[in-house]
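Chemist: Residues per chain, in single letters:
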Amino acid sequence: MSLFLVQMLNGLQFGLILFLIAAGLTLVFGVMDFINLAHGVQYMVGAYLAAMFTALTGNFLFGLLLALPTALAFGLLLEVLVFRKLYDRDHLDQVLATFGVIITLNEAVKILWGAAPLSVPVPDILSGSIPLIGGLRYPVYRIAIIIAGLAVGLLLYLLVNRTKVGMLVRAGASNAPMVSALGVNIRLLFTFVFGFGAMLAGFAGAMVTPILSVEPGMGDNVLILAFVVIVIGGIGSVRGAFLAALLIGVVDTLGRFMAPMLLRAILDPSTASQTGRAIAPMLIYVLMAVTLCIRPAGLFPAKR
Amino acid sequence: MTDAARPVQQSAPADAPPNLRRLVMPIIVFAGLAIAPWLAQFGTESFLLSLLTRVMVLGLAALSLDLLIGYAGLVSFGHAAFIGIGAYSVGILASHGINGIGLQVVAALAVSAIFAAITGAISLRTRGVYFIMITLAFGQMLFFLATSLAAYGGDDGMNLPSRSLFFGFDPLDNDRMLYYTAFATLGVVYLACRMLVASRFGRVLRGARQNPVRMQAIGFSPYRYQLVLYVIAGMIAALAGVLLANTSEFVSPATMSWQRSGDLIFMVVLGGMGSLHGAIAGAIVFLLAEEVLAGFTEHWHIIFGPLLILCVLYIRGGITPLIERTRR
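In order, the protein sequence lines correspond to chains G and P.
Residue 105 in the working numbering sits at position 105 of the first sequence, and the numbers go up by one each step.
Residue 1306 in the working numbering sits at position 306 of the second sequence, and the numbers go up by one each step.
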């Protein structure tokens, strides 16, 4: 039972990381109708920057604080250099050009830092673990990720729902031409949203450096998951992204944990663990297919 | 059927001169591929032959994707999954001692048709970016399924015990025979697709792409046509997968990674959408560029990525229309 609790916490933590990435993606998509495959790269860049600055300053917190503005600046640079030229193009061109950005940056990272994975030690203050029920312990750092993720989620909620900029963003997500016609500089608004999203993804990348290895291409799989999240949640909806991210995080983590166990009831142990391992990664895609089948615009569509 | 086809026949003579001009590019592409083995003997033959065979095989897959993107406006981001089905049909059957190409092809076509019918029936309910994402999701599902097939190599993939056999003989062991098998397959499929897109079926699809509401109003259900096209495109890609497995004598999940699907889309766009031979030309340029750049530096992606971005930003419509325009 307590093992189940640990897996639930892991799922929650994973879901919150996914949310940080998906939030920017869904807003960028909602406001500008722009598919940015290179969003996963922002996550990778955030991780590398955090690893680099942590190594330079010898302190994870300083590393994190330096990584965030750098990730933001990098995101804005990409926006000016490449993405700005793509807003008027169709989705196909956007997919391809940002695909090119992924290829380029994955390789650039390989050249700068080598192909071998980097690792960042868990900061002293957050190392160790706390006891859960049943004698099991849970790492403090993962708790810290959960708290940070929830805090950023709350901040984002307030920003989107309680401020003027947030109002414009929401209006932009439901009808961008109308907002533009009312005299709002939608390009400037978008640059703001884009930079903010890039920083959130960078933050997610920086936060996971102590628990995951930092390697080229680490953003690619996360990117696909973030797309699953925003498609299930409804494109343009931060609330949808939040709920879908937690759903995906928990389903994926629990699926990997439970599928072999449940199958053991009907199959012999080795077949069960093998089939379980085969089924588990597919679960979230099944979930996405079913969602799209029943509600083609996602669970909480921003556009009506 | 004949009633609907009549306007097509009437308009054909008026199009004759541009049609002739449109024949030039495909003839150049296929003639070039036909004489390539003869030229290859002046270089490192086995390397060039295997490279060009791979070019044609991926050209075949890109061609099938062009049917979806170029003629029906369906941007599938999971097309590599079908290549994977074809490759794994060869790999799995061969590892159980079934080496006959006939059975392998039948298995590949059957499995890909079933997979395409099921996933297509679901995916085609969605539009635009949702279609891109859901096809990506189905591709990823198959990818993860392949990585977990521990009995068939899992993540690492598996080597084929031998290339496929024709009634117990092994003509495909000869690289040139394999080359011309791929060439013939590509040629036959190309002609069949040309006929397909020129037929009433193809016109319905193009009409549905331009204005689905109007197509429905005049009594067509685009959904059914698109589903049939999706199945056809999937089966062609699976055929490419069978050939790809024979070319590399190796099958791995990497064959159906989402990056590979991205490569295929790029080939189609690079070559020029909706011309079929453009997709083949795109595959040729793409893979040769990859090969040339990889010869310069191991970090060739750092050149290739920006090239890709520049192509999208500045070569609108692809290279084939560009060449055809400058020639005029």
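Derived by calculation from the structure, the hints in this document are not laboratory data.
From the three backbone atoms N, C-alpha and C, an ideal C-beta is built for every residue, glycine too.
Worth double-checking, as some hints may not be accurate.
Said to hold, decoys possible - For each label pair, taking beta carbons as the anchor points, the in silico distance ranges come out as:
hint, chain 1, residue 1, chain 2, residue 2, range
1, P, E1290, G, S119, 27 to 33 Å
2, G, I211, P, V1188, 40 to 46 Å
3, P, A1294, G, G183, 47 to 53 Å
Stated by the list, open to error - Per the computed footprint, the stretches of chain G lying under chain P, defined by three or more beta-carbons under 8 Å from a beta-carbon of chain P, are:
hint, segment
4, 96–106
5, 171–184
6, 255–265
Chemist: State for each hint whether it applies.
Modeler: Results for each hint:
no.: 1; hint: P:E1290 / G:S119: 27 to 33 Å; result: holds (32 Å)
no.: 2; hint: G:I211 / P:V1188: 40 to 46 Å; result: violated (53 Å)
no.: 3; hint: P:A1294 / G:G183: 47 to 53 Å; result: holds (52 Å)
no.: 4; hint: 96–106; result: holds (count 10)
no.: 5; hint: 171–184; result: violated (count 0)
no.: 6; hint: 255–265; result: violated (count 0)
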